[in-house]
Amino acid sequence: MAEVSLRKVVKRYDDVEAVRGIDLDIADHEFVVLVGPSGCGKSTTLRMIAGLEEITDGDIAIGGDVVNDVPPKDRDIAMVFQNYALYPHMTVAENMSFALRLQRYPKAEIKSRVEEAARMLDISDLIDRKPKQLSGGQRQRVAMGRAIVRHPKVFLFDEPLSNLDAKLRVQMRIEIKKVHQKVRTTTVYVTHDQVEAMTLADRVVVMNRGRIEQIGTPNELYHNPATRFVAGFIGSPAMNFVPCRLEEAAGKLNLRLTDRLAFPVPAARAARYRNVPPNEKLLLGIRPEHLAEANAHGEPGVEPFETVLDVTEPMGMETLVYFTLEGTQMCGRVSPAAGAREGAPLRLAVDLNNMHLLNEGTGAVL
Amino acid sequence: MTVDAINVSTPRRGSLRSSLKRNRRWALITSYVFLVLFAIFFLTPPYYMIVTSLKSDAEVARMATNPWIVADGITLDQYKLLFTQTDFLIYFKNTAIVTVCVVAITMVVSVLAAFSLGRMKFWGSSILATGIFLTYLVPDTLLFIPLFQIVRSLGLLNSYWSMVLVYPTLTVPFCTWIMIGYFASIPKELDEAAIIDGASWLQTLTRIFIPVALPGLIAATIFAFTASWAQFLYPLVFTTSTDQLVMPVGIITTLIKGDVFNWGQIMTGALLGAAPPLLIYAFLMDYYIAGLTAGATKG
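So the sequence lines, in the order shown, correspond to chains H and V.
For reference, each letter of the first sequence is one residue, going 1 to 366 in this note's numbering.
For reference, each letter of the second sequence is one residue, going 367 to 665 in this note's numbering.
All the given hints hold, so there is nothing to weed out.
Below are the DSSO-like pairs computed for lysine-lysine, each with C-alpha atoms no more than 30 Å apart in a straight line:
no., chain 1, residue 1, chain 2, residue 2
1, V, K554, H, K111
2, V, K554, H, K8
3, H, K167, V, K554
4, V, K554, H, K177
5, H, K130, V, K554
6, V, K554, H, K73
7, H, K8, V, K487
8, H, K153, V, K487
9, V, K487, H, K132
10, H, K153, V, K554
11, H, K132, V, K554
12, V, K487, H, K73
No lab work stands behind these hints: they were computed from the structure.
Looking at chain H on its own, in the form it has when it is part of the complex (with noise of 0.2 Å):
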């Protein structure tokens, strides 16, 4: 059993509170992605799972006990970091041996363990190489065996593959989920990476400044986000918020956004929006998919507008659209063959029915 679960986890330095009392539950098993900006304290909690910093006040279990005050090496913990931290005067299957010698394993034991996880992350014809002699992403590779081999309770990752080449990294990603697939072993994970959170985590936790946002699958916190942070956070590019106020005029929902745009909100979603106090100042929020061309035939939810497109970023299978609406930049994802062009008039279409609506004082998603 290796659950990890934090309870009012707080780290204090000096006056600076980096996290500020979390709750968190990893199931066994569970692949956890703490995602954020910098300073927004997932590293922080990271090094606290691991007993690297000590925390100001909370309890942290792990296997359902609490390790407060229990050295690192006593956790049965494993710990992959951003700069590899392999030992330059060590082979590869020095370094992945290490903590066992440290252990004092029998020497057979040892040696079957390096030669599965070299096999498992198909290093087994560096094991005899210093890390000087190896690439950034052999390196990595590396690292992770040194983790696997100790065969620990909870595998930590801080912010693995920042250090890799863009390609690498996508290369590199889907390497330590197949790992975890074969290991199936208690993994926290930690970037500012949101793609790289998405497509490795079972549930994803976005933090901001010391706390947490929300937790979720990754589909929860894209199609469902709980605040603005989260909302901008997730999804590349960024959602797009436009300030707007809801209008009721004969028993329908009306989303204001100029004095001459107006659009109706769909049944579907009016629901929700009902007791929304009029003149409340709200934000619209729709991801850049939810902004595409018109279609010919209009579908219910979807509603056409003319706007005048400021930059186009042809990316192949779609071409992203920048327009300006009264003031505020938005993005939208339309087909290459939709004609798009710097300067040019371009007829789009919003999708309400993936509308979000946003209290602009509190950013919460309403």
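Based on these hints, arrange chain V on the given structure of chain H.
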């Protein structure tokens, strides 16, 4: 860009390149001139020592001959006399014992001190580190009188073991400082990885830090070796008996009798005394430079 513009810009780029070449050539010429001057300046004394050590006493004493060449033919008389007629070998042995002990004590103390001060952050560690370095700044000409009292009270006066006690006060602060700088250049994730792997602080030091910081360790060893090997003031003050003298003092006190200078043997002794540090530098120079500069460049 128009054709005219290309035509105009090409010679300008060419002249820039040639002016860079010219600058580089002047820089190189200036460097070589000064390097040659420095080399002559520093190699003249050793050359003079070698030449004098290969002359007979008669030739050394004769003022008429050119002192820069061996005129009467090379002889090893000075070496024979030094080994058979003087206590040079005793001085050499004493110096070697003192130096080996001092280097060993220095390395054990300064590596442990540097590791604890540099890596095991505790209250006051940075002030202590600065304090240790400040002790190095106190000149030994100020220290030898109080140290004389201490050595006498310990009953170590006129014993080369007093050097083993006293020299580390010179070597430990500087070596600790070198090692703190070197340890600081090792990423902190390396000790965190070792701690998570189950290593104790001592295992982290012996199995990770010492092998990784080997160039720094060698640099510190060379410094401790050189400082102990060539120390003059303390042995001059603390030791008097011939059997307790170390080489720098022994050569001066026994080979200068009254106003008679045995130049041939003095030069030979000094030459042989300079050989061990020279050999160590020659073999470990690369490590020495890497060790002294690591902290500065890796941050």
